[in-house]
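Protein chains in written order, with our numbering: chain P, 1 to 114; chain L, 115 to 225.
Worth flagging that the hints you see were computed from the coordinates, not collected in a lab. Be aware that a few hints might be false.
[Said to hold, decoys possible] As a list, the in silico BS3-like pairs of lysine-lysine whose alpha-carbon atoms are at most 25 Å apart:
id: 1; chain 1: L; residue 1: K170; chain 2: P; residue 2: K11
id: 2; chain 1: P; residue 1: K62; chain 2: P; residue 2: K11
id: 3; chain 1: L; residue 1: K170; chain 2: L; residue 2: K185
id: 4; chain 1: P; residue 1: K78; chain 2: L; residue 2: K156
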Amino acid sequence: DARVTQTPRHKVTEMGQEVTMRCQPILGHNTVFWYRQTMMQGLELLAYFRNRAPLDDSGMPKDRFSAEMPDATLATLKIQPSEPRDSAVYFCASHDGLAGNEQFFGPGTRLTVL
Amino acid sequence: GESVGLHLPTLSVQEGDNSIINCAYSNSASDYFIWYKQESGKGPQFIIDIRSNMDKRQGQRVTVLLNKTVKHLSLQIAATQPGDSAVYFCAENGGNNRLAFGKGNQVVVIP
Chain P
1 DARVTQTPRH KVTEMGQEVT MRCQPILGHN TVFWYRQTMM QGLELLAYFR NRAPLDDSGM
61 PKDRFSAEMP DATLATLKIQ PSEPRDSAVY FCASHDGLAG NEQFFGPGTR LTVL
Chain L
115 GESVGLHLPT LSVQEGDNSI INCAYSNSAS DYFIWYKQES GKGPQFIIDI RSNMDKRQGQ
175 RVTVLLNKTV KHLSLQIAAT QPGDSAVYFC AENGGNNRLA FGKGNQVVVI P
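Work out the full structure: start from the sequences and follow the hints.
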């Protein structure tokens with residue numbers, strides 16, 4: 001049963017600390033999306049990659065956020081330094097790159113920054 | 115759960131009744147629309163999609179209607195069940211398979 005996995009599922013940290021969230025896309029999917037979900041803003045696209053190359057990260061605060069794909073099986077989203085306003089659920093989704101096919105979402109990482 | 119917002123529009127429906135969830139989209143050039151379901155503590159899950167050259171598509175107990183004239187999308191759930199309780203999001207394809215999501219609608223099924 002192919003699925004997207006994310007770790008950790010929950011993270012509580014203090015303001016100023018570095019946070020790294022990881023995502024393993026479905027094997028064979030070449031497109032990975034990072035979303036942030038909050039009550040106020042809903043689901044926002046932060047960044048996405050195709051074939052490990054960043055295509056768009058315009059939704060991401062550049063000063064503290066960074067996203068990478070070290071290899072085809074791992075995507076990371078890093079926040080340094082973290083702030084309380086970063087508290088949200090962060091979802092990763094993967095896609096097979098074919099037009100019109102669905103994105104498969106991971107279970108999310110719930111981040112709380114104190 | 116992660117997805118529930120205190121200010122989400124909420125539809126309360128009796129078990130067995132039909133549900134209709136509405137969504138307005140913004141980009142008249144969007145060619146592909148999707149409905150996702152998000153249960154508490156989980157990521158969004160694909161329900162059904164529709165391309166802009168169609169105005170109706172049916173799945174298992176669900177029907178999506180697309181009205182491009184007024185940029186309106188709806189999801190109909192037949193014979194709503196307790197397991198249908200969730201937040202439902204519409205999304206439009208902004209190009210390159212990027213999705214823009216609506217704010218979501220909470221559906222509460224009353225047994």
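Hint consistency between K170 of chain L and K11 of chain P [alpha-carbon to alpha-carbon, up to 25 Å]: violated (42 Å)
For the pair supplied as a hint, K170 of chain L and K185 of chain L, is the alpha-carbon distance within the 25 Å limit? Roughly 14 Å between the alpha carbons, so the hint for K170 of chain L and K185 of chain L holds.
Going straight from one Cα to the other, do K78 of chain P and K156 of chain L come out at no more than 25 Å? Given that 25 Å is the threshold and the Cα spacing comes to 21 Å, the pair holds.
Holds or violated: are the alpha carbons of K62 of chain P and K11 of chain P at most 25 Å from each other? At roughly 21 Å apart (the allowed maximum being 25 Å), K11 of chain P and K62 of chain P satisfy the hint.
Comparing the model with each numbered hint stated earlier shows that hint 1 is the single one that does not hold.
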